[in-house]
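J.: Protein chains in written order, with our numbering: chain A, 4 to 154; chain B, 15 to 434.
Source of the hints: derived by calculation from the structure; they are not laboratory data. Take the hints with a grain of salt, since some may be wrong.
What the hints assert, rightly or not - Simulated coverage check for chain B against chain A, where a stretch passes if three residues somewhere in it have a Cβ under 8 Å from a Cβ of chain A: (1) 117–131; (2) 384–390.
What the hints assert, rightly or not - Some residues of chain B that are not near chain A, with every Cβ distance over 12 Å (derived): (3) SER28; (4) GLN167; (5) ILE203; (6) GLU210; (7) ALA313; (8) GLU395.
Claimed, not checked - So, partial list: chain A residues that the calculated Cβ filter (under 10 Å) puts toward chain B: (9) PRO17; (10) ARG36; (11) ALA82; (12) ALA112.
We put the CB at the ideal spot given by N, CA and C, even for glycine.
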Amino acid sequence: MLAAALARAGSSAPLLSLPAGLGILALGLGLARRGRGLGAALWLGAATYVAFVVHVEHHVDPTAPLVAVLLLLTGELSAWSLDERWRIRADPQLAWRRGAALAALALAALAVAALVVSLSAVPASHGLLLTVAGAAAAVGAAGIGVWVARR
Amino acid sequence: MTRFTSSRLHLYASLAAAGLVAGLAFGRVEPVALAAPFVLALVAALTEHEPRVSIRLSLDRERALEGEEVTATVELVSAGGVDRFELLVPLPPEASIEGGPARALLLRAGEERTVELTLRCERWGAFSVGPVLVRAHDLLGLRSWEGEAGEPQPLRVYPREETLRSLVPPLETQVFAGNQVSRVRGEGIEFADLREWQPGDRVRRVNWRATALRGSLWVNEQYPERNTDVVLFLDTFTEVRAQGRSTNDRAVRAAATLARGYLQRKDRVGLVGFGGVLSWLVPESGTRQLYAIVDTLLASDIVHSFALRDVDTLPPRTLPPKALVLAITPLLDNRTASALLDLRARGYDLIVVEVSPLELVEPSLAASVELAHRLWRLSREALRWRYEQVGVPVVTWRDGVPLAGPLEEVNAFRHLARPA
């Protein structure tokens, strides 16, 4: 994911390679040290990508949903790997169910992220319905934020 | 149950918030798209509710012998189901569970699950199994609920006993009937001697063959069968422990073996735990006393103490006159050595079974340590010599040798050198 972004970064590639490299290092350390540094790895990965789209890419990047899902999968698969290190005799179907749940989440996330990106292509003054939908989405996002904070 | 959230949940929340803010700040949709999967993961995690699980823990029995296996059964029912339910049975170091003490299960709604765990009782002791530590997860492990469930189940693991063919007979018996042939003549079965008839002798005791030979009435004398009082004197001041083996473990095993052996012979057996914590049982007979002794032994542990103790601190009834005192000691503490010599001086029939710690103490290659080890062994030899000087047999029970061997050694010692 980061390699693809760096390949397209052109002259900014050396600048972006620093946080990207640090992110990969943090991921490796996180996996080796029972998860410490995993958060930093995701943050650095996300920051590298945002820096790339802000400074290099002047159009909407159509690969953004894929990048988002890959970032989520990086976190989830790393956590799964760490969970499996505990010596617990587990039902075999637990692994299948977790894999299925992760796949379903990734697909749903891809759909949502793709919807967000595609809706951004719609001009802002394209009708009352879309304006209301946009406002509802903003209120919904804020509401989710409040709900998450309260729980 | 206590609710916990994974650190990932906080990470995802922060990433989602940062993405939304970055989208607004830079006027780009990509950061918002980056935040979308994390928002979805948050929503998925936060829709989970605290699971309701009923848990029951039981053991197939409360008593077991060292080395035996006990089955612990955990019965689980969840009305709403749990995506991942983890349980852990906390165990004392004396027990282990085949395959580890933790299990992870899928609990479907309304389904009854039974988990059977095989507990292996590695060492004697009295402990409780449970309550079970439980943790319920959502599928991705973003949120969990932890708690304890199930009533603690008592488990008593009795020490494995040694096989004994014979026991050490006491020098003197008591007045009650038992299985031990007394040295004093009286009414009994075992033939002792002949003597001339005296007024009051019963006709059935007349030895007609001797009477015919000698021309006057002669009667048989017998040894009566009497019981004895045995006091097991367990030294719990200190022990040597190495590689999962200890002198106290073997001392307890020896005490349990001897208690059963003497009680089966209808003798009265008492117990003195002489150490940092003083414990005692007045000599009694019967199966109930055996259980009392074994239960006391299970609670006997090494408690380090600097308190000066001697036999005067014991209640008088714990050491009845003419009792056979069997001291089981690693000969490591001078307080026990002094107390035992004191008992001998008071006329008790004393036998010292030394639980050898030498196999557990390996001398170092360093010259100074090796010298110290040799001095220590010499001091033990000197202590043994002190006991032998006052007529107390000291036998050494080494690791891996049956207890019957040292006891036979005591019998041989008594045949050759009868104490005064």
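J.: If you take the shortest Cβ to Cβ gap from ALA112 of chain A to chain B, is it below 10 Å?
T.: holds, 3 Å
J.: Run the C-beta distances from ALA313 of chain B to all of chain A and say if the shortest one exceeds 12 Å.
T.: holds, 33 Å
J.: Taking beta carbons only, do three or more residues of the segment 117–131 of chain B come closer than 8 Å to chain A?
T.: Three-residue rule met by the segment 117–131 of chain B, so holds; n is 4.
J.: Would you check whether the claim that GLN167 of chain B is not at the interface survives, using Cβ distances to chain A and the 12 Å cut-off?
T.: holds, 21 Å
J.: Does the CB of ARG36 of chain A sit less than 10 Å away from some CB of chain B?
T.: violated, 13 Å
J.: Are 3 or more residues of the segment 384–390 of chain B near chain A, judged by a Cβ distance of less than 8 Å?
T.: violated (count 0)
J.: Does GLU395 of chain B clear chain A by more than 12 Å, comparing its Cβ with all Cβ atoms of that chain?
T.: Nearest chain A Cβ is 49 Å from GLU395 of chain B, so the label holds.
J.: Just double-check ILE203 of chain B for me: nearest Cβ-Cβ distance to chain A has to come out over 12 Å.
T.: holds, 62 Å
J.: How about PRO17 of chain A: closest beta carbon in chain B under 10 Å, or not?
T.: Violated. Min distance 22 Å.
J.: A cut-off of 12 Å on Cβ-Cβ distance, and GLU210 of chain B was said to be off the interface with chain A. Does that hold?
T.: Correct as stated: the minimum Cβ-Cβ distance to chain A is 83 Å, above 12 Å.
J.: Per the CB criterion, is ALA82 of chain A less than 10 Å away from chain B?
T.: It holds, given that the least Cβ distance between ALA82 of chain A and chain B is near 6 Å, below 10 Å.
J.: Would the non-interface assignment of SER28 of chain B survive a Cβ cutoff of 12 Å against chain A?
T.: Its Cβ does come within 12 Å of chain A, the nearest being 8 Å, so this is violated.
When held up to the earlier numbered hints, the structure conflicts with 2, 3, 9 and 10 and fits the remainder.
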